Structure formats: structure tokens, C-alpha cells
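Novice: Spelled out from the first residue to the last, the chains are:
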Amino acid sequence: MISEWVVSILLLFGGTFILIGSLGLLKLPDFFMRLHGPTKATTLGMASMLIAAMVYFANSKTGLSVKEILITIFLLITAPISGYMLIKSAIHHKLKPKEGTKGLDNIEDD
Amino acid sequence: MRLQARFRWLPTPFRSLFLFIVWLLLNNSVSVGHIVLATFFAIFIPILSFSFRDPQPLILKPGLALKQFVIVLYDIIVANLQVALLIVGPSKKLRPAFIKVPLDLTHDMPITILASSVSLTPGTVSAEVYPIPESLAEGEEMTQRYLLIHVLDLDDEAELIKHIKKRYEAPLKEIFQC
Amino acid sequence: MLDTVLLIVFAMIGLSLLLNLWRLIIGPSIPDRVLALDTMYINVIALIVLYSISMGTGLYFEAALLIAMLGFVSTVAVCKYLLRGDIIE
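Here the protein sequences come in this chain order: A, B and C. Using my numbering, the first residue of the first sequence is number 1, and each one after it goes up by one. Using my numbering, the first residue of the second sequence is number 1001, and each one after it goes up by one. Using my numbering, the first residue of the third sequence is number 2001, and each one after it goes up by one.
Bear in mind the hints are in silico, worked out from the structure with no lab data behind them. Just so you know, these numbers come straight off a predicted model, no measurement behind them.
For each label pair, taking beta carbons as the anchor points, the in silico distance ranges come out as:
#  : chain 1 : residue 1 : chain 2 : residue 2 : range
1  : B       : 1053      : C       : 2014      : 41 to 49 angstroms
2  : A       : 102       : B       : 1132      : 20 to 28 angstroms
3  : B       : 1095      : C       : 2026      : 19 to 27 angstroms
4  : A       : 58        : B       : 1078      : 22 to 30 angstroms
5  : C       : 2062      : B       : 1060      : 35 to 43 angstroms
6  : C       : 2086      : B       : 1054      : 17 to 25 angstroms
7  : B       : 1056      : C       : 2066      : 24 to 32 angstroms
8  : B       : 1131      : A       : 63        : 50 to 58 angstroms
9  : B       : 1157      : C       : 2014      : 38 to 46 angstroms
10 : A       : 74        : C       : 2014      : 17 to 25 angstroms
11 : C       : 2051      : A       : 64        : 13 to 21 angstroms
12 : C       : 2057      : B       : 1092      : 40 to 48 angstroms
13 : A       : 63        : B       : 1041      : 23 to 31 angstroms
Ideal placement from N, C-alpha and C gives every residue a C-beta, glycine not left out.
Pulled out of the complex, with its shape left as it was, chain A reads as follows (with noise of 0.2 angstroms):
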């Protein structure tokens, strides 16, 4: 009974992320902030979720699966490699900031 308070509480909480993330996804002005979402606030959503399941499936008939835990340090393993990867490319091409970042000096060229 608890664990299923705490399988609804993990996912309601990975849900919620999820959400920003692709909210932050569609509503922030330039490609740079936009990066921000999807790099930490799906993260943690996916690891909640994932968490999640593993406590739901230790309890059930099926027993404790751990492949969710390789999911997880798969994904917060790569999150970061994507994400510079895309501004990489974003830098590449030349994308504009919003106005008035700070900084743009900082940027080389390459």
C-alpha cells in the first residue's frame, strides 16, 4: 500500500518534469536557453520515473528488475554529451541569442 504512494508520488513528480522540460522546450526565446530544458529537466524526470518503476516492480509478482537503473545512468550519462553537442552545432551555424545576452564575446570563432 505505501510503495503504491510511492510509485504515484515518483511518477506524478516524473510526469511534472517531463512537462517542463518540453514547456521550457516550446515557450523560451532562443536556442541556448531552450537547450536547458530538455538537458535537466527531462533528466530528472526520466530518472524519477524510472525509479518509479523499479520500486512498483519489487513489489509486484514480476520481482525486482534492475535494468532501470542502467537506464538511468545511461541517460544521465548522455544528457550532457548531447546537449554540447547541440550547442556545438548551434554555435557552428551561427544562431542568434536573445538580446541583450552577456558575454557573446566569449564565444570564439571556430
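Position chains B and C relative to chain A; hints supplied.
Specialist: Frame of chain A, contents of chains B and C only:
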């Protein structure tokens, strides 16, 4: 800093341990057969793939590495709550900025870990490591390196640089002893 | 109770997939579209995890793991193509 492992047949001890654990997780079992197979892979894959990679510093303080991992996990959760609030709030108020953080680290592996933890934590995404190796002239020495990061809502630049250096870079220097 | 929560979370993920699709359509630049695709991949993994909870079987995690790997590799490959005009030089 040490680049060479103590045993020739175990060039990268922590990668071997990681492979061992991942194989067992992937099969979701701890039966004897899988443990033997995992040991086999953990020993032979690093030996076979070792010569393809540049030697990287080894983790010399495993306990500290574990502590840093927990700290970063905690930061991920706290920072995500902040970023979520920033995203939901009005986006006109955000003050995005690019800043350059001078690095004390010299090798690729610690810099990668630093960039990843910066990407996953408070409102920052690491964008580039300067100078780019291909842009250097032939034979030119790698001097001071910089990490370019994009901040979603910048309050105080010097404060943020100090925070990153203290919370994420200093422990890495300690762990790799470089 | 869990059934209701599952339905709500299904709706949330579906909504975020629609938001990603909107960003994929309006662009305006190619990295934006790649980012939207990458996020869609991750949301599809979330959908699969939810589905496997509602079905009560752990079989689908293999699929989720495969999709995670394919999504990462394809994102990196497309970025590499955008950066260099070539994937393997």
C-alpha cells in the same frame, strides 16, 4: 597524477569494475556463470581497447569520488527545482549569459567529467572547451584552457565561477591528484 | 489509485510530446529541430516505462534501453553532420 595502472593486465581498473557491474545489471542476475563471463569481459575488453585511447589519469581517491558523485546527484535534484521554477516563470526576466571559466585541470577525462557535472547542475550548460585542439598551430603548446558555459539566469559572474571551481573542480583535482 | 495516476501521467507525457512536435514543426533552425527530436526520444522512453507499469511486465525495458541508445547515437551523428558536413571523416 598517475597515468599508468599498477598492473599491466588491468590497465583501467575502474572501467573494468564498471563493465563487470553493467554486465550483471544487463542480465539481471548474479549466477555463477554470469559472474565468470563478466570477469572475462571486465579483464579482456579494457586490454583490447586500451591501445585505441589516450592514457587518462586514474582515479586515485575512490572514496572521495563516491562522495563527489553523491554531491552532484543532490545538486542535480536541487538545481532542477530551481530551473523548473525559472522555466515556468516569466521568461522576460531571465538574464542569459555566456561566461568563460578558466580551468586548472589539464587532461581530457577530468575536463569531461567537470563539463558534464556543470551541464547537469544549476542553470548552466557547458558549451565549449577553449582552445580547440584543431585550431592550434602545429607544435603549439596547449596553454591555459577555458570552459565556455551558457547560464540561464546570471546573477553574479565572479560568484558563479568561484562556486563552480570550489564545488566541482577542486574535488576533481583531488580525486585525480593533478 | 495507481490506475488514475497512470492515466494522468500518460496524459502529461502525451502533452509534452505534442509540445515537442510543435517545436519540431516551427523550428526555426536545424539544431532546434534536432533538440526537439532528442527530447521526443526521451519522452517515448517515458511512455514505454509507463506502459510496462500498466501492463505489469518488465519485458519492455529492453526496448526502452535500445531506444535510449539509438536516440543518443542518432543525435550525436546528426550534430556531427551539422558540424562537419560528414559523419565519419
